[in-house]
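Take the sequence shown: its position 75, counting from 1, is numbered 69 in this note's numbering, and each next residue is one higher.
Think of the hints as simulated: they come from the structure by calculation, not from any bench.
Just so we're clear, the structure is a prediction, and the values are computed from it rather than from any experiment.
Glycine included, every Cβ here is placed at the ideal spot set by N, Cα and C.
A portion of the hints provided could be inaccurate.
What the hints assert, rightly or not - Below, in silico cross-link-like pairs of lysine to aspartate or glutamate (EDC-like), each with a Cα-Cα straight-line distance of 20 Å or less:
#: 1; residue 1: K74; residue 2: E56
#: 2; residue 1: K74; residue 2: D21
#: 3; residue 1: K44; residue 2: E33
#: 4; residue 1: K74; residue 2: E39
#: 5; residue 1: K74; residue 2: E33
As the list claims (entries may be wrong) - Pairwise CB distance ranges, derived in the manner of DEER restraints:
#: 6; residue 1: A63; residue 2: H26; range: 17 to 23 Å
#: 7; residue 1: Q23; residue 2: L48; range: 25 to 31 Å
#: 8; residue 1: E41; residue 2: Q71; range: 16 to 22 Å
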Amino acid sequence: MAKLRIAIAAALMLCAFIPVSAAQARDLQCNHTLAQYSEALRVLESEAAKAQVLAQQNLLYEADVGYYASVLRDARQCVKNLAPVVSASR
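With these hints in hand, go ahead and build the complete structure from the sequences.
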């Protein structure tokens, strides 16, 4: 019973350190040019595909898949932020 209480207390303590929203916690800093992010996306997408294949063969590579997904999401957001705004009005 004491071990259960300790586990619950530890879980509650760790939850205090988890941010409310991942979007709010992430201060995305786009310090490179649009061309550099575009090139990085090309490379990262191929590496993510390789990691996905490796993860299907060996579960230890699932962390790599998650890492590439996170980095790709950030790079795509930077591309959106840095891309010129195109107006639909003529």
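Here is what the structure says about each hint:
no., hint, result
1, K74 x E56, "violated (27 Å)"
2, K74 x D21, "holds (15 Å)"
3, K44 x E33, "holds (17 Å)"
4, K74 x E39, "holds (16 Å)"
5, K74 x E33, "holds (14 Å)"
6, A63 x H26: 17 to 23 Å, "holds (20 Å)"
7, Q23 x L48: 25 to 31 Å, "holds (30 Å)"
8, E41 x Q71: 16 to 22 Å, "holds (18 Å)"
Checked against the numbered hints given earlier, the structure breaks only hint 1 and satisfies all the rest.
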